[in-house]
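Q: One letter stands for each residue in the lines below.
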Amino acid sequence: MSITRSLTKLGAIFRTKEIDATLDAEIRSHLDMEMDENLENGMDPDQARHAANRAFGNASLVKDDSRSAWIYRWFDDLIKDLRFAVRMLIKNRGFSAVAVLSLALGFGLNTTIFTVVNAVLLHPLPVRDVSRLVQLDTIDAKTKFTQANAVKLGMSFANFQDFRRQNEVFTDLAAWTAVPVTWSGGAEARQVQGYVVTANYFDVLGLNPVAGRFFFPDEDTKPNSNTVAVISYALWANKFGSDPNAIGRTMNLNSTPYTIVGIAPHGFKGTISIANAEQVWLTTSMKDQIFSGFAAEFFNDRRFLNMTIFGRLKPGINIPQAEASLKTIASRLEAEYPKDNAGRSVALTSLAEAAVGANEHDQFSLAGGMMLGAVGLVLLIACANLANLLLAQAARREKEMTVRSALGAGRARLLRQLLTESTLLSLAGAAVGLLIAYWGRSILWSYRPSFIQQNDVDLSLDSHVLLFTLGIALVTGALFGAIPAIKTSSPNLADTLKAGGRGNSVGWRANPARSLLVVVETALALVALVGAGLFIRSQQNAQHIDPGFESEKLFMMAFDLGALHYNEGKAQQFFRSAVERASAIPGVQFATISANFPIGGGLGRTVFPEGQDETTGYRGTLTTLNSVTPTFFDTLRIPLVRGRVFTDTDRKDTQSVAVINEAMAKHFWPGEEALGKRFHFFDEPKLREVVGIVKNTVVQQIGEDPQPEAYLPMTQDYSPFATVQVRTTGRPESVISAVRSSVQSLDPNLAITNVQTVHELMDQGLWAARMGAALLTLFGVLALVLAAVGVYGVLSYSVNQQRQEIGIRRALGAQAGDVLRLVAGQGLRLALVGLAVGLALAFAFTRALASLLYNVSATDPATFGGVTAILLAVALLACYIPARRATQVDPLTALRYD
Amino acid sequence: MAPKPRDPDRLEIMQGTLDLIILRTLRWGPLHGHAIAKFIEQTSGDTFKIEHGSLYPALQRLLQERWITAAWGTSTKNRKARFYSLTAAGRKQLSAEHSRWERFSEAVARILTAPRAEEDV
Chain A
14 MSITRSLTKL GAIFRTKEID ATLDAEIRSH LDMEMDENLE NGMDPDQARH
64 AANRAFGNAS LVKDDSRSAW IYRWFDDLIK DLRFAVRMLI KNRGFSAVAV
114 LSLALGFGLN TTIFTVVNAV LLHPLPVRDV SRLVQLDTID AKTKFTQANA
164 VKLGMSFANF QDFRRQNEVF TDLAAWTAVP VTWSGGAEAR QVQGYVVTAN
214 YFDVLGLNPV AGRFFFPDED TKPNSNTVAV ISYALWANKF GSDPNAIGRT
264 MNLNSTPYTI VGIAPHGFKG TISIANAEQV WLTTSMKDQI FSGFAAEFFN
314 DRRFLNMTIF GRLKPGINIP QAEASLKTIA SRLEAEYPKD NAGRSVALTS
364 LAEAAVGANE HDQFSLAGGM MLGAVGLVLL IACANLANLL LAQAARREKE
414 MTVRSALGAG RARLLRQLLT ESTLLSLAGA AVGLLIAYWG RSILWSYRPS
464 FIQQNDVDLS LDSHVLLFTL GIALVTGALF GAIPAIKTSS PNLADTLKAG
514 GRGNSVGWRA NPARSLLVVV ETALALVALV GAGLFIRSQQ NAQHIDPGFE
564 SEKLFMMAFD LGALHYNEGK AQQFFRSAVE RASAIPGVQF ATISANFPIG
614 GGLGRTVFPE GQDETTGYRG TLTTLNSVTP TFFDTLRIPL VRGRVFTDTD
664 RKDTQSVAVI NEAMAKHFWP GEEALGKRFH FFDEPKLREV VGIVKNTVVQ
714 QIGEDPQPEA YLPMTQDYSP FATVQVRTTG RPESVISAVR SSVQSLDPNL
764 AITNVQTVHE LMDQGLWAAR MGAALLTLFG VLALVLAAVG VYGVLSYSVN
814 QQRQEIGIRR ALGAQAGDVL RLVAGQGLRL ALVGLAVGLA LAFAFTRALA
864 SLLYNVSATD PATFGGVTAI LLAVALLACY IPARRATQVD PLTALRYD
Chain B
1302 MAPKPRDPDR LEIMQGTLDL IILRTLRWGP LHGHAIAKFI EQTSGDTFKI
1352 EHGSLYPALQ RLLQERWITA AWGTSTKNRK ARFYSLTAAG RKQLSAEHSR
1402 WERFSEAVAR ILTAPRAEED V
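Read top to bottom, the protein sequences are chains A and B. Numbering-wise (the numbering used here), the first sequence opens with residue 14 and increments by one. Numbering-wise (the numbering used here), the second sequence opens with residue 1302 and increments by one.
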């Protein structure tokens, strides 16, 4: 009853309409009665009405005053509650400090992790109305793919142009592709991130330049003469000192001079979330100046999926409608170009999702969700501890509550008071938590891998983050405050008198609230620790995964001869000289040049065995290719299984040959001898003979299933992108600079990039796994400590409450062992229930994480067993200490007490 | 709202006093707003200037303190009206306020009628 009344009052602030309606009716009736009276006194109706109004005064002012009487009261109560809460919290200083600090820890961790999730997953791209932007990808039902995640594949420029012409659902479609370009003309040639885009790119995104202009609509139509560039805000600020006169200046990119015509808006770095902030945009008509090698050769090939396409939906069109419409265009294109487009259609992804990577978005979300889940568990345990503290405090305040309730305070009023206290605690925790997050963010940022650079990710404590922290603070304040508050606000006078507030043992019947806390804390800690354990195992496994080559004493550097417009003859000579010079340096054992980075993937082409092609019903397989010089296998120490590796006798004019890995042999010729077999690429008659089979190496990502890979001689399949790899006899660091300058001396305009040991490179690849394991371990240990403190606290409290009972038992002859068993048994039983619940929860949840783990089952028995054992040991300890104290209760003192 | 000319013979009632007066008028049973206004005007011999409207915010305040409750009913002239009645807490409040008021007015009266006190030098 009192609750409904109080709710009415609380609700009054939001129900002013109802109050107004009542008042209106009342005022009308008042005026009517006054008029009746005036009429009786002989006034005419007009006079009577005027007199009544005059006597009443200003009706709307009355309504205002009445309404504000309600609102004023509400705030008045709030301020009284707040003042009282502050007094209580200051009075219990120790309790408040513990509460605020543990909450701050929970909020701090949550906010830190949310900052990252916010920056990577939730930050909208800085473009106009991003929800109307959609990415278009090719999906291919015919070609076989061996890589995980290869579903959405980009689009060929030729197909893009047809889609753009025939499209009816987008206002327009734009295309882009990323390519590193060499910026020369300064002291040292350097590489910058380039985007090759259609001229409408910025218009479709709805952007306005900070200075200058974006591309004119026809600036992608004159091959080789649209020498205009737009640069990113960061590039303008860092390299041009934000000079307004940068517009009109010239940049030498891949040996072609471009005029800077515009500066992109601050924070815009293309349509991807994590990207270098220093960017330059050029138009597609300049492709022959920008690209070299296969990228130039195949640019207009209808099968070459090198472009990323996005469009802005017309008003009123949603993604499924657009997809249906585009699929009909795709089937037309499939019919029109059956050879290139067979089995190929189109799939749509919102650009906001695709910004993280159309194929990777789900995994990123899962990882982010898992981290938030882990810190959420820590927070929940911290809350459970606080609820326990509040319960203990509530027991001490039982008298106060009884008195206040006797003085007429309604139950809802008391509830509101207690909730005000817990919310105040929570908000104080949030304030300190934000400080921790500010600090934690810097620590996290300082551990980032070297490939994530300044400006790549914006880890700001923006309004999203602040709202998030405020949100969890309010929710948890209500959550951990509610249980004790409900319990306390209904003091049972009879019980209080009878038991003197004591005699609570732990156990379901005696004290369900506290028992529940023990069970919940144990269960949550188990879930957090299982997560941590799985990731530690996964990371250990990942460290020990054999990449298939020897990664120690190996370093690399990369350059692009295409940027300097070398022809193939000159480039081959350059490669030979570079290898010769590097090999001559003391400390160098072998040097080689390949097209791909180690573990860096590479160009994939569709492979068919001899006698098969796309017309025979055979499904070709997209296979990673790597063009290498003869010393490649010796340098990386990739073991030869059968046949031979390349030699200098493999030249352009000799038989085309290939060395393949075991995975490729097994994929195309299962159960057969692959040596001597021949294969060809899609739409290319040239047959290549398998002359050697080597062991598998990791092609793209540590932990992947063995991927087919074909090595081709650099002399027969030239690649202007080159990765120098050098095997050293001693520590690689000592010879890196000598090799670098010997390569640089061949051409001072060469931009040499990615100078690093292969060990560093592999470490970067495992960065996420390592960071994940470290963070989860930290969270797991925090969860364990908090839970142990919680269980210990509950039991200690219960021992204190049971002093009298224990004293009587002792006086009646119970031995220390009996008391120990009694008290510890109470706690352990609850802990065991918690462990069982936790195991069930962990089994249910960790399955979802399977895709993030390397070589560990999500229900790994060793992890589950180990974690259970650890928690059991900790629970034993947390129960033993208070139980031990119980055995030391002196029966005489305990009985006298009161 | 333009300020109204003051009538020097009629007094304005302070908020706390108005509350006391309203509680007092309800002592013998439920009344609606109009009746309360008339009662105050008549019993004070028109000394108190009371704008009828000013009763209503005061009534809201008393409702919130739960000194009075309200219910819709029918007036003697058969008009729908909201009737206010005292609660038990309101009755207690009335007697407490009443004795406070008496002490207050006695004290004021004593001060106003006291002979001139001897001043310290």
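Keep in mind the hints are simulated off the structure, nothing from the lab. These numbers were taken from a predicted model, which means no experiment stands behind them. Glycine residues also receive a C-beta, built at the ideal position from the N, C-alpha and C atoms. Keep in mind that a hint or two might mislead.
As the list claims (entries may be wrong) - Cross-link-like lysine-lysine pairs, in silico, DSS-like; alpha carbons within 25 Å at most: (1) K1339(B) / K1378(B); (2) K93(A) / K1378(B); (3) K690(A) / K583(A); (4) K1393(B) / K76(A); (5) K1393(B) / K235(A).
To be verified - Chain B side only, calculated, beta carbon under 7 Å to chain A, not exhaustive: (6) H1335; (7) E1342; (8) A1382; (9) R1383.
As the list claims (entries may be wrong) - The following residues of chain B were derived to be distant from chain A, with all beta-carbon distances above 10 Å: (10) G1330; (11) T1344; (12) E1352; (13) Y1357; (14) L1360; (15) R1362; (16) K1381; (17) E1403; (18) F1405; (19) P1416.
Q: Which hints from the list above does the structure break, by number from lowest to highest?
A: 2, 3, 4, 5, 7, 12, 13, 14, 15, 16
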